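Asks: Below are the chains, spelled out letter by letter.
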Amino acid sequence: MASVTSQSGESHAGGTSAVPAPAFLSRSAPDSFVGGSRPSQAVATLSPIKWLGVSGGLGTLALLTFVACLGFGTETISFPKVAALLAQGPFAEGAMQNAPHYIILWQVRVPRVLLAFMVGGSLAAVGASLQALLRNPLADPYVIGISSGAALGAAVAVLFGIGLSILGLSVLPVYAFLGALLALLIVYRIAVSYGSFSIHTLLLGGVVLNAIFSALILFLTTLADPYKASGMYAWLMGSLTGPDFPTVLVLAVYLLMGVAVLVSQTSSLNLLTLGEEAARSLGVEVERVKRVLFAAAALLTGSVVAFSGLIGFVGLIVPHAVRLVFGADHRLLLIASGMAGGIFLMLADTVARTLLSPTEIPVGVITALVGGPVFLYLLVRQRGRIVA
Amino acid sequence: MSERPETLKRQPPFVMDAVTFGFGRKETAAQAPALKNVSLTIAAGEVLGILGPNGSGKSTLLKILMRILIPQRGKVELFGQPHAVFSQSEISRRVAFVPQETQQAFPFTINEMVLMGRYPHHNRTWGLGWESSQDCAVAMQAMNDLGVSHLGARLITNVSGGERQRAVIARALAQEPEVLLLDEPTAFLDLHHQLEIARIIRRLNRERGLTVVLVSHDLNLASQYCDRLLLLREGEIATMGSPAEVIAVESLERVYGCSVLVDRHPQSGMPRVTLPV
Chain A
162 MASVTSQSGE SHAGGTSAVP APAFLSRSAP DSFVGGSRPS QAVATLSPIK WLGVSGGLGT
222 LALLTFVACL GFGTETISFP KVAALLAQGP FAEGAMQNAP HYIILWQVRV PRVLLAFMVG
282 GSLAAVGASL QALLRNPLAD PYVIGISSGA ALGAAVAVLF GIGLSILGLS VLPVYAFLGA
342 LLALLIVYRI AVSYGSFSIH TLLLGGVVLN AIFSALILFL TTLADPYKAS GMYAWLMGSL
402 TGPDFPTVLV LAVYLLMGVA VLVSQTSSLN LLTLGEEAAR SLGVEVERVK RVLFAAAALL
462 TGSVVAFSGL IGFVGLIVPH AVRLVFGADH RLLLIASGMA GGIFLMLADT VARTLLSPTE
522 IPVGVITALV GGPVFLYLLV RQRGRIVA
Chain B
962 MSERPETLKR QPPFVMDAVT FGFGRKETAA QAPALKNVSL TIAAGEVLGI LGPNGSGKST
1022 LLKILMRILI PQRGKVELFG QPHAVFSQSE ISRRVAFVPQ ETQQAFPFTI NEMVLMGRYP
1082 HHNRTWGLGW ESSQDCAVAM QAMNDLGVSH LGARLITNVS GGERQRAVIA RALAQEPEVL
1142 LLDEPTAFLD LHHQLEIARI IRRLNRERGL TVVLVSHDLN LASQYCDRLL LLREGEIATM
1202 GSPAEVIAVE SLERVYGCSV LVDRHPQSGM PRVTLPV
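Sequences listed follow chains A and B, in order.
Converting from the first sequence to the working numbering requires adding 161 to each position, the first position being numbered 1.
Converting from the second sequence to the working numbering requires adding 961 to each position, the first position being numbered 1.
FYI, nobody ran anything at the bench for these hints, they're computed from the structure.
Here the structure is a predicted model, which is why all the values come from computation and not from measurement.
Glycine is no exception: its CB is placed at the ideal position from the N, C-alpha and C atoms.
A few of these clues could be false.
[Said to hold, decoys possible] Partial selection, computed: residues in chain A whose CB lies under 8 Å from chain B: (1) LYS242; (2) GLN258; (3) ARG350; (4) ALA439; (5) GLU446; (6) GLY488.
[Unchecked claim] Dumping the calculated DSBU-like pairs for lysine-lysine here, alpha-carbon to alpha-carbon at most 30 Å: (7) LYS987(B) to LYS451(A); (8) LYS987(B) to LYS1036(B); (9) LYS211(A) to LYS451(A); (10) LYS987(B) to LYS997(B); (11) LYS1036(B) to LYS997(B); (12) LYS1036(B) to LYS451(A).
[To be verified] To be clear about the criterion: a stretch of chain B counts as covered by chain A if any three or more of its residues have a C-beta under 8 Å from a C-beta of chain A, and this derived list gives those stretches: (13) 1018 to 1026; (14) 1095 to 1103.
Next comes chain A alone, as it looks inside the complex (with noise of 0.2 Å):
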């Protein structure tokens, strides 16, 4: 118990990876400081201009996957057309206001592929947030049960048809929103509960929460009436169908200002995943940190479930597709991460508006079929390559 050795445990050292000791170390003096390293003088870090280079660079690809998205659809539009249309703005004149191709692409693509960016951008942010404050890299809104809360609040909304405009404007995020915040309070709670944060008990947790709230939303469906429920299936299996400019423009606002908040807290960010003892040891006002990620991450999961549904594991691609790449400095991750995000959905809703056209498939099967194997692998991968 007292011997010198006895707390030296054998089988952290033997997961670590062998780096044998430098034969200079046992050359150095006895008494110095680790003797013999290599004195260095430059130390990489984050700039501003890496930043804006990364964010502008992987901008000017979303642009570029834009315009190349509003081409496709039921009606294929040459990309010298689409250019050409775009340039006439969304409130042309005269006889171009009434071509078809000029309706389909402003009235119905434009704000459809918005939209995808918007939503899968909004995704991607929120699951890189996410994975740092319960340091899981398995972490997404959609596997962990947040947006089920979501869709429980905004479902309750919908069938109650409680107070479902203020001025003119859709409250349904606001009861989303409640429906995130507590469906993130719970699932904060189980993965704090043991401690240490287990991988394990946060799924499992998410498992179980998801399928409560499922039930709760299949039990309040059969009360509605078969035309509203019809329709809350559809809106469940996650789509991007149908919206105006005016609602974009809606939820453009309110996902502007979460995605804001996140990327504000990514200095905090980066501390949080040290876990919140050795955070608030490093300066962090952990709990201020943590309401405000909180809000900002049910802000933007409720917004983008009420407008679009359930689309799962772009939060869990693509910030670990991103961290491949730059690296898990949250500062950068975060909005690479919503840029890539964007990129991502735009070309999942393009398959799903194309592949069976003109039967369209809920892009949220796209995103599950495509994110489901990857998050087995990863699943799979990360067995004792963690400590649990």
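Please build the complex by placing chain B on the supplied structure of chain A, with the hints as guidance.
Replies: Just chain B now, kept in the frame of chain A:
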């Protein structure tokens, strides 16, 4: 304790007065507190070792000093002022904490990990907390001190336990603290790395005047490297004093509830503990 008059004049970093802390809800916390009525002054420039059986309140005491935990009763003063007047960042600029175990699920580089120690020095009213050249210089110095600068680009998830622990101590030094709190810094390390960490800690103390408070299960390492020891038993101070006073048969047997042998280290002459057959 060695004679270092210049450090004795410095203000004590910590004064704890009748501190009681319990986990959980109010009633259970009051019934079975993790720390009971602890009064303690930590002198500037000393190495204080906190010892005791599992669950005796060692880590709790350390976390109270860092204000990670806030005691229900009693006072904690940091450099002569009540703990509560400081912001979290203000505390972190003067006191650094090395947790028992650092688990990291995300692929941060060692560079990024050490630069996290600059967080309390950042002005975050605008921007995302970009590091200045000053931040980088301090982090570089800390990494050179701990011999991890050549590992800067490696991922924290891919280095050995000893290297990770050195990187975490480098992060603590990057805070430019006056006090270093360490929770079992040598647990999970092999003999070579235990010795290395202990020597680094003592040099930081002797050469930079850093006040060190460390929690350890390793009585012999503590006896060698600490100026003063504090033995906790069920949340109360059982013995406090020089290693010779604390590492003694009667106090250890009373606290740990098992018989021990205490002799002298052949080189340093400090008390040494072994278990009887």
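Asks: Hint by hint, say whether it matches the structure.
Replies: Each hint, compared with the structure:
Proximity of LYS242(A) to chain B is violated relative to the hint, the smallest CB-CB distance being about 41 Å (cut-off 8 Å). Hint status for GLN258(A): violated, given a least beta-carbon distance of 45 Å to chain B, over 8 Å. With its C-beta approaching chain B no nearer than about 15 Å, ARG350(A) sits outside the 8 Å limit, and its interface hint is violated. Taking 8 Å as the C-beta cut-off, the interface hint given for ALA439(A) holds, the closest approach to chain B being about 5 Å.
Checking GLU446(A) against chain B by beta carbon gives a least distance of about 5 Å; that is within 8 Å, so the hint holds. Annotation: GLY488(A) was flagged as interfacial toward chain B, and the flag holds, the nearest CB pair being 7 Å apart, inside 8 Å. As the CA atoms of LYS987(B) and LYS451(A) are separated by approximately 24 Å, the hinted pair is consistent with the 30 Å bound. Pair hint LYS987(B) plus LYS1036(B) holds up; C-alpha atoms about 18 Å apart against a cutoff of 30 Å.
The hinted pair formed by LYS211(A) and LYS451(A) meets the criterion: a straight-line CA distance of about 27 Å does not exceed 30 Å. Annotation: proposed proximity of LYS987(B) to LYS997(B) holds, straight-line Cα distance about 15 Å (limit 30 Å). Among the hinted pairs, LYS1036(B) with LYS997(B) is consistent with the structure: their alpha-carbon atoms are about 13 Å apart, no more than 30 Å. Restraint check for LYS1036(B) and LYS451(A): the C-alpha separation of about 27 Å stays at or below 30 Å, so the hint holds.
Residues of the region 1018 to 1026 of chain B with a Cβ under 8 Å from some Cβ of chain A number 1, which does not satisfy the need for three, so the listed coverage is violated. Figure legend: the region 1095 to 1103 of chain B, annotated as covered by chain A; annotation consistent (4 residues with Cβ-Cβ distances under 8 Å, at least 3 required).
Of the numbered hints stated above, those contradicted by the structure are hints 1, 2, 3, 13, listed in ascending order.
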